[in-house]
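Novice: Sequence:
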Amino acid sequence: MKKIRLFLGNPFNDARITNLRLVQFAQDASEALKGEFAELAVLINDRVELVLVTLTRVATGRTKGSSDTDAVDAYIKKAHSMMKKHRAHIAVATGGEDSEGFRAFYPDGLSGYGFGELSREKAPLVYKRVTDSLATYGAGLSADIRTALASIETGWTALRAGQKTTLENLDGNRNERDEARLELEWVLIDALHEVGKKYKKEPKKGEGFFKPRLLLPKGRKKAEADVPAGAVPATTAAANA
1 MKKIRLFLGN PFNDARITNL RLVQFAQDAS EALKGEFAEL AVLINDRVEL
51 VLVTLTRVAT GRTKGSSDTD AVDAYIKKAH SMMKKHRAHI AVATGGEDSE
101 GFRAFYPDGL SGYGFGELSR EKAPLVYKRV TDSLATYGAG LSADIRTALA
151 SIETGWTALR AGQKTTLENL DGNRNERDEA RLELEWVLID ALHEVGKKYK
201 KEPKKGEGFF KPRLLLPKGR KKAEADVPAG AVPATTAAAN A
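Oh and the sequence shown: position 185 is 185 in full-length UniProt numbering, straight run, nothing missing.
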């Protein structure tokens, strides 16, 4: 049946969806998914990074890629130093290194924040854990340390948001479906299916995790009427997932 073919199809196999638009769609979906579908969000971010590497290589005059990487590396080092600096104070305030509160901040010890161990894909989850631990166990911390710890996640979010704005400097017309893009497409399809499975009785809620309008230009409604037989609009996939 046509509906089954559409459900099993790849909504991102469309020449009108440029790599840049797919990245923007994926980044937005990752932000929406990170609370309820954290593992999917991490996987999407990982695949996005691979596509961005390709885009930055082909973008004419693009020089910010290396500085973006340097900024991320520097921030991870800074956060690690901050958690190392305040470790003793946090231990005292939470009842010792064997306490539930301390383990919430340091489930893997200080190494969990280490530059060598912490990737940019895992960083959002680790820094969110600091924020959550602060809300639950941070009452005994001094005001300045509470402020410092609260800034870890917000600082990271601001850094990454600022880097996303530089996407406009990339090649906005490139739509080559190379290996990096295909890997991103597959994980996005997994995300559509996982969300669709959980919200099969409430499809509107499931649709809220994705913004198909980011994939195509403003005139997409007319264009989607001419979708090839082997493809399916992302809106349909999200609703039917």
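The set of hints was computed from the structure by calculation and includes no laboratory data. Some hints here could point you the wrong way.
Stated by the list, open to error - Under the rule of at most 30 Å between Cα atoms (straight-line distance), these lysine-lysine pairs were calculated in the DSBU-like manner: (1) K78 to K128; (2) K200 to K122; (3) K205 to K84; (4) K197 to K128.
Novice: If a hint holds in the structure, say so; if it does not, say that too.
Specialist: Hint-by-hint comparison with the structure:
1. For a cut-off of 30 Å, the pair hint linking K78 to K128 stands: about 16 Å separates their Cα positions.
2. Taken as a hint, the K200 and K122 pair is honoured in the structure, with Cα atoms around 29 Å apart against an allowance of 30 Å.
3. Distance restraint check for K205 and K84: the Cα-Cα separation of roughly 41 Å exceeds the 30 Å cut-off, and the hinted pair is therefore not satisfied.
4. With a C-alpha separation of about 26 Å, the suggested pair K197 and K128 falls inside the 30 Å cut-off, and the hint holds.
Hint violations for this structure: number 3 only, all remaining hints satisfied.
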